[in-house]
Every structure is written in C-alpha cells, then in structure tokens.
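J.: Residue strings, one per chain:
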Amino acid sequence: MEVDVAFLSRRGTAIMRRSQRASGERVCIGRGTDNEVPLNDIHVGLRAAALILRDGVLTIDRLDNSPLEVNGSLVDTAPLKPGDEIRLGPYRIEILAPPDGCDGAIQIETVQPTAGVADRLGAGLPIGLARTGANKRLYAWTGFVVITIVCLAVPIFVLSGGMLHSWHKGAPNATLPTLVGLSWNPGSFSNAHRFFAADCTTCHEGAFAGVADKACLACHANVGTHTPHGAALAALGDRLASMRCADCHTEHRGIAGSVVSEASLCLGCHRNLKEAAPAADMQNVGGFPNAHPQFRATVVADAAQNATRRVQLGGSPPAIDRPGLKFEHKVHMDTMNYPVLVQAGRAVKDCGDCHVAEPAGQGFLPITYKNQCRSCHQLTFDAVSLPWQDGRVPHGDDAGVIAAVWNDYAGRALRAGAAASPAPSPAPTDIQAQVSAQAAAALRVVFDEKRGCALCHYSTGDNGTWDASKILADALPPKANPAHVVAAVKLPVRFLPNAVFDHASHRGATCESCHTVAVAVSNGTERLMVPGLDNCTQCHGAGDASFHAQSTCITCHDFHHSEFGLMRNSVAGAMQ
Amino acid sequence: MSMSDTAALAATRGRLSRHVSFLAYDNFRYLKLALAAVAGSIVLYVAVPPYGERYGGGWAGYTLGTVGALLILWLTWFGYKKRTYDPERKYLQPHGSGAPDSAHQAEDPSRLARRLSAHVYLGLALVVIATLHTGFHFGWNVHTLAYALMCLVIASGVYGVVAYVRYPRQMTENRQNMTMAQLQAQVVAIDAELRRRVMPMDDAMATIIRGSLDNTPIGGSMWRQVTGHYPDCGTVQAIARLQAMPDAGPGAIDDTWRLLRTKLDEKAALVFRLRRDVRFKALMDIWLYVHVPLTFALLAALMAHIVSVFYL
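Just so you know, the protein sequences line up as chains A and B, in that order.
Numbers -14 to 561, taken from the working numbering, label the letters of the first sequence in order.
Numbers 2 to 313, taken from the working numbering, label the letters of the second sequence in order.
Just chain B, same shape as in the assembly:
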C-alpha cells in the first residue's frame, strides 16, 4: 500500500469517527436553505395577493402549491434513496485515481446523512409553505385531507427526529459496551447454571426456578416491545417466590438459596437491559409505521387534490 493510500484511509477513518449530527450537517446548510425557502414563501404570500381573500389559487397560490407538491415528491424520494444506500460504495474506495480527497468526499451529494439533513429541514419548511398555500381555508374536503395527512406525516417525522437524537445515546449507555448477542449469551449461561444447580434440589425449588427458565420473555407484540412492560415475567416472580420462602433450613440449602437468588438477580438485571434495548429500538422504529404509510396516503390525496382542481 502506498503512503498516500495509508494516509487517505487514516483520514477517512478519522473523519468517520467524528460524528456530526444530521441536524448540524455541513454547518446547518439545510436549515439555512429551509429558512430561506420559508422566508421566500412568506414574502410571496404577502406581496402577491389574488383578487379577494388569499387562497390556493392565483399566481402566488399556484406557485406555493407547485413548490409544495414538488417538495412532497422529493421528500418521498428520500425513502427510496435510503433503501438503496450502500455504505461500501462511497467511502472505503479511493475516489477516482490517486488519493481520495476528504473534502470532496464530504461534499459527495449522495451521502445519506446529507440527504437526511435536507429531508428533515425541507420537510419542516413544507409545513409553512403548504399552510400558506391553503390561505388558511379549511373544510371537509379532499384538499384539507391532503393537508391533514401532510401534517400527520410531518408530525411523525418530528417524532422521528427527536427519537433519532435521543435514543441512540441511551441505547449505547444501556448496552455498556456489550453487544446484544453478548448479553443474550450471558443470560443463557446463567440459565444453564440455574438448571444445573436446581437439578438435585426438591420439587418446590425446581418449580420456582422452572418459572424463570421457561417464562422470561423478551420482545413480543408491538405494544410489548414499545412499552417495555412485561407484567408476568417469570424471573421476577421466581425472585418473589424465593424471597417468600421461610428462612429455616440446613446450611447447605441456605447457601444454595443465596446462590440461586444471586443468579436470579443477575439474570433479571441482564434481562431488563435486553428489554430496554428492545424498547429503544422499537421506539426508534415505531414512527415509521405511521410516517411511511401516511406518506403514500398523502400521495394519493395529493393526486386527488391536484386532479380535482383542474378537472372541474
């Protein structure tokens, strides 16, 4: 490997390790762009009134509507680009001949973070542009339906932004430098230990431990994953039952009781972390089940809105 390749890769790795939030991407470039678009829309709305009250038609109204519709299509396009994103393609290979230019790569317009930053800020600008396009006239019709769907999509997107800013850090702190697989492996090991320890013990103890081994769920329905609420956790119940047992007994059983209790506590802590991890992931994913379907409903309503305006 040549010196330039080594240096370039080091530079690439170094750049990759410097995290820049998608909100602050490229020095808030897309925030500025969105603010400029909003300002331009307000100026247009105020300065070019139609005859009568402002509404979706007239010179300014049609311009705002066209810009809004094109924005909606472009914002939807992000979904496609997100799904076709290939991290290998852009970063790890030298760009063109010779050493890759880190500045050039930072401006590579197909970087997903760039697209996401633009998507978020221009999506927020769309609220203003579309609201000005309505002229603040709303009714029970397909036009307001399109607007309402757009607002719901944007609202779910705002939740998504908040989730993407908050939960990754909380997930990392929860994992404490371990992977999910490592945590699971630890739980399985504790289960094996419990099974081994309780094998020679009486049936009462075996029943208690069995409850923990058989019925400690992680994951489940959408509701369960998002709330992180597992009311019938076998491990929690085993701990409770163990706690409720009378203290009397020969010394050997006391030691084993303490060991079992310790192992159950360890397992419980790990299981709670696993469930929290599942919960954070679910909270980061749940909004897309609103955002994406409503986007396509919005596209249909937008089509109906535009066709109806020109059909009649």
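Chain A with its partners taken away, still in its complex shape:
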C-alpha cells in the first residue's frame, strides 16, 4: 500500500507542510527509525501502530502498550475514513482524502510541544513566592480593614448607640455589646463600681468628653468639701475649685480602689500652705514622717465662749491640761492602794473603768458625771454634819441647786409643819424664813471652798474661788434665771479633730504604750496625755516603708469634710 504522509508545523500564522510517501505491506508508525513513519518523540513507542488495508478499508492497529486514541476513544484497532483524528503521544494524525495513486493520506502535527524548550523550567511551576498567589498587599489591606472595623468602628457604634445597659436587678447585661465595650477597657474596675461597669456610658459622657464631675455626683452627691466655707485661700482656693473628681480618683487601675494615696498629690498645696494661706493656721508639710509638723491638740480655751486653742504635743514634760475641772488622774489611779475603797468597789482599776470605748471602737464615749463620776461622787450629804439625810442636789444644773435645796426644805415644811425638822437657832419668824435659813445652811456646805461643788468645779467668781457668803447673799428665796455659780465645763471628746485615729485598729496596744500616763500623773499637775508625732512614727513610716506601716496623708487625714458643707456647691457647679 501507498500512503501520503504530510508533516505540518505552525509558527504563528505560517504553516509549513512537508510531504513524503510511505509504502509497504503495512505502514508502521513509531519512534524507531525502521518505521515507515518515524515519529521523533520518546512518548511514542518504538513501534506504536501500523496502517494496513483490511478489506479495502484503511485501518489502524495498535502494536504496543502505549495508548492509541481514535476520534477520542482508546482503541486497539479501528477503520479510518477521511476526517478521522488519531492521537498518538503528542501527535495528532488527521486522515485526509487519498490523492491519486495512494491508498491513504495522513497529516501529522505536534499538538503538545516537545519537552526541551529552554524556558520550560521557569514557565511551568512558580518559582518565587510572589508567583504562588500569595499577595502581601491583599493580606495587609484585609488586616487593616478588619481590625479597623472590629476594633474601632464597631465599638464607637456600640458606645454611641446606647446599646450598653446598666445593671438592673433581674435583667442581665447585654452580652455582645458588653464584650465589644470591654474590648476598649484598659484596666480592671474598682470593686465598688463593678456592678455598673458593663455600661461605659455610666461615667463616660460621650465622644472625647472624658469623665465629668456630674457622672460621679450622680451617686456621690453629698460628698463634703475640703475647706471651710469662706476660707481665704486666694490662688489655692481657685486651684481647689478647679479640680475635677478624676484628678484624685482614678478608675481602671485595679480592683483595690480608686483613691490616689500618694503624698505628693496633697503636698502640692500643703508644702507651703503656711505662706500661701496664713489665715488657715496650717503648718507646712513636706512629707511623712520626716517633714511632718508636730501634732497640735485642740483643747478648750474658754468653755463659756466655746473657744478652743491648739497646743503643741510631744513636749517633755507634756503640756498642762486644763479641762475646766479640778480633776487629777493621779488621785483616782491611787484608789487601788486603799483596800477600803477596793472592797467597797470604788477603786479605779484601769483606764477602761472610766474611758469606755464607743461601740465601733474608734473613740470613747464622752465623759459624763452620770456615767463616770456618780458611782463614787453622789451629791448627798451623808458624811456631813447636818441633821438631815438624803439631801441631794442635781448635777449639771447649777442654778437649780439653790432651788432644789430650797424646795427640799419647803417640801418638808409643807408636809410636816414647822416643827417637823429641827430648826436652826435663832428660831425663825415664819415658814419662809425657816426654809430660807435651812436652805442657806445646807448651801453653805454645798458652796464651801473645800466641799460640795468646789471639790471638782471652779466657780464663776474671781479666779474660780468659792465664796459661799457672796453666792448666798441674795440667792434666797430662789429667783427665776439666777446667775450661774459653776464655771462652764467642756470636756473634749477628740483632741486631734483634724485627723482620723481609730483606736479599734490599734487594739493590740495598751493605753500606756501610747498615752504618756506615767509622766502626766507623776507630779500631780494634770497634763495632756495625748501623744505626739514621735509616738506614731515608732510604727508608722512613709508610703513606701518596708519595716513600718506604710502611711500616707490619707491614712490619717480626710480630704472631704462633710462638716464644711457640700463640695459640689463650693465647686461652682459640677466641673464639666
């Protein structure tokens, strides 16, 4: 048979065709050079296929194991007609109409380029990370946009959109908006504020607004101010008035609380307060314990005028104490040395017999005649040489003493007549005179220089001395609104009112370990037993002390004094 074989190659639009004839019993196609149609590619078997005429029809047979595809189907043998397409390796063989003298015509074309193009190594697989499809710019933009939306836009939307809810009993906090709000939280909340912390807008007013005072005052409206109303403070007063709550009270700084405890905050003003505001009568403070002024106790200067003065403590001997009473601690503490008194239950065993702690333990209940003195000092006249018994004068009402004695005798006279009680000589002319005489006799004892009221009290007379004749000169019968006889007494409850001292937190110490009892009572002159700075600094040190109790200004002093009025009013309205 004779077959026309054409090789086709394309370069761009140019087509080149090279024809030759192949003849033989059968026309073999394969890689081997002994084939009638040699195909120069290793993907074709040595002797891959053969074209033969079978019953006058051009047929192709597969000769080896490499796949033979005719018109898209894998075959072992197939008859051919013009237009059929055979695939063998990288070659496409098209059957054409045979020209005259030929039994068949085929056209061979390479459809898969032979391996061996110089740049195959680079063009096939990506070399270099940039060609793998990874895109730095895409990733960067994605990250930027996602985080801007999630971390900036969404929280702003949630915060300004009123989606956060304060705590309501029985209503849970909104979960997702709360989490979004928390993503902006820079630090944990103080314990007392946690119950509303889910809603940032409780304190934070709005965009770039900070925390205004009125947010705090919504709950803390009655907080006291720092200085007395009308105090002359000049520049410092302006500074104080312009302070915001947030200047001293911080939040998001931990569970422990939000008050700034550093001394430097207070010292900003108190370092030179003496020069800046002399009317305040404040010493300069440079720190604790080293530059803290000596304590000054507030004692009574004039009980009648309610005047006080301040006395420096810490001296040796301690400053003299003039409480307005003729009271001596030494005398009372010596009662333990008298068995008679001990047996009668009238000896003072320790400080606590008279100084009774108030229920919270911070201080002591006020000393009163009724609670502290009456058990021993009953104002009766048992031991006095007067022929009556159970005469008793009231305490605390010195004008009423005269009336009480008078009434006592007047009452006896009314009940039993003139002869009921022995009358003093000379015999009186009438009942009133008799009652007056009896009352005067008793009152002479009551107002005696060494007995009665004078035992403990000073009189309103010259130098506090008692002159019974003078007092009684025009006293009987009693008048309405008589003059006071006893000088006013005011026993202070707290000697250091500008500080907060809590006895309860010091209960491990004995009274004598701080109060200079021994010194104060040693020589009979009553002296202040309140200790000074040196006593405290034995245990208390600076804010960063390692071997002393750490103490700063606010350990002992308050900033807000409710007794001075409301801070809000003195701060020209809430600071915005």
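It is possible that part of the hints are untrue.
[Stated by the list, open to error] Computed cross-link-like contacts, BS3-like style, restricted to lysine-lysine with a CA-CA straight-line distance of at most 27 Å: (1) A:K259 with A:K311; (2) A:K121 with B:K282; (3) A:K121 with B:K83; (4) A:K475 with A:K455; (5) B:K82 with B:K282; (6) B:K82 with A:K121.
[What the hints assert, rightly or not] Across the chosen pairs, the derived CB separations fall in these ranges: (7) B:V163 with A:G191: 45 to 51 Å; (8) A:P263 with B:P50: 52 to 58 Å; (9) B:T228 with A:V139: 35 to 41 Å; (10) B:R170 with A:W126: 33 to 39 Å.
It is worth saying that the hints were derived from the structure and are not from the lab.
Since we're looking at a predicted model, the values are computed, not measured.
Glycine is no exception: its CB is placed at the ideal position from the N, C-alpha and C atoms.
Take the given structure of chain A and dock chain B to it, following the hints.
T.: The following block gives chain B in isolation, referenced to the frame of chain A:
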C-alpha cells in the same frame, strides 16, 4: 574622562566591593542609638512614676506611648523607602560638581543600608519602649492586641534579620559562581541528551527516562518552595528504577545504561542545587508575608488604641 572622574569611580567601585553588614553599618551607629533610647526609656519609667501603679498614662506613660507610636510610623515608612530605592541615582553619578566625595557619599542619609540598619535596631528598641509603656498590664482588649501585633511584627523582623545574615552566603556557596539561568541551561542540555540517547531504546527504558523528563518539578506552592521537599521527583524515581533493572544485557546496552545513569545523576545534582536556591530565596522572602500584613493590622490596632484612650 578626567583623572578625577576615573579615580572617583575606582574609589566608588572599591567601596562598593567592601561589604559592610547592615548590622554593623557606620560602626554600629544605630545600635548605639537604640541602646541610648532604651536606656532613656528605662530611666523615664523608673524616675517618673504616676499615682498608683505604672501604666500607659501619666507623664512618663504618655511620653513612652508617643515615642512608640512615632517609631511605629517611622518604621513603617521604611517599607515605602525600600520600594522607591533607585540604585542608579545615588552612586554612579558624581555628586554635585567635581569629584564625588566618598566620605560624603558614605553619609548619604538615603542609602538603603543605612535605613535598614536604623530600622532593625530601632525596631528592637521599640519592644522595650512599648513594653514599658504598658506598665506590664495586659488584658483581652484592643490595647494588648496592638501590643501583641507589634511583638509579632518584631518577631518576624528578627527572623528576617537572621535570614538576611545567614542565607545569602549559603545561596552563593550553593550556586558555586553560576547563575540560576546557567544552572537551568545545563539541566535543559542534559534533558536534550537524555532524550536523544533514549530515542532508539526500548519502551521500558523510554518510560523510565520519560518520567525524569516530564516530572522533575522545581518550585511550586509556597510550602513546597520553603521546605524544598519534592517527594515525587521523577528524576529520583528514574534513578531508582534504573538501579532496579537487572544487570544482564549486551555490552552496548550496559554502556548506554551507564551513560543514562551518569546523566541522571548529573541532572539530579543540578536540580537539587536549583531547588536549594529556590528554597533559600523562599526562606528569605517568607517572613515578609507575616511582617508586612501584620504591620498594617498593627497600624489599624494602634489607631483604635489611641482613639479609644481619648474617646472615652
């Protein structure tokens, strides 16, 4: 060309041939600068405490934060300067009139190596500055997110420094004074030789060699390039199959077998070098796919951090 131009160019070339690592640039100038910045930050942190515990606010906290934020912006700017770098512009033309002054050129502040040296050392200093700014307070919030992203960026940068110091030398040694194109050309030549030799051989041998010719990948996915692990390499398999063939056969086939085997071995060695080169390049590039995207994520988080501090 004038004498001064010739001398100047020679001096320039000579200077270019003296490699100075970006880490040692200008006598470790930027290392010293970074150490000074770190020392200053520590002093500020210790000496100016706020009320209460140290945190991101207060005088010192805000200063550290501002310095850190400006540093982050400046460090990001390096990415732009890197991309606009033009080597022709600075070195090969005389500076101003007359001969270029080599000392002046060494101080040219826009040299990329200078910028890179500053970028690396000040980026490391940023870790300290930003950590002091946190006051060591961390939580599940956008502030710690910004800090974490910054740490990841810096960590990937540290990898980059290590990669830039190690791999170029290894790449050069791997190439053995040949370019990648030369290596590829050699592989293509061996492929052509193999194809020619196996053409007249039987189908079994042709199948074996075909495997090597068709399926010897170089490059591929990111994972493949970075690991350098090509488990189904056709050349390796062809060698194995060739090795497994029985030794019997006429003398001519033995010689051809030996030739094929030799060529396959040569090809394998070259291909491995090519793949190693691809791997080194990939290792030197991979970290930027972390470093750059995370930088922009960090910029967004930084913006959120700053806005949130002043918004509320």
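J.: Against each hint, give a clear statement of whether it holds in the structure.
T.: Hint by hint, here is what the structure shows:
{"no.": "1", "hint": "A:K259 with A:K311", "in the structure": "violated, 37 Å"}
{"no.": "2", "hint": "A:K121 with B:K282", "in the structure": "holds, 16 Å"}
{"no.": "3", "hint": "A:K121 with B:K83", "in the structure": "holds, 15 Å"}
{"no.": "4", "hint": "A:K475 with A:K455", "in the structure": "holds, 25 Å"}
{"no.": "5", "hint": "B:K82 with B:K282", "in the structure": "holds, 22 Å"}
{"no.": "6", "hint": "B:K82 with A:K121", "in the structure": "holds, 17 Å"}
{"no.": "7", "hint": "B:V163 with A:G191: 45 to 51 Å", "in the structure": "holds, 49 Å"}
{"no.": "8", "hint": "A:P263 with B:P50: 52 to 58 Å", "in the structure": "violated, 33 Å"}
{"no.": "9", "hint": "B:T228 with A:V139: 35 to 41 Å", "in the structure": "holds, 39 Å"}
{"no.": "10", "hint": "B:R170 with A:W126: 33 to 39 Å", "in the structure": "holds, 35 Å"}
The earlier numbered hints that this structure contradicts are 1, 8.
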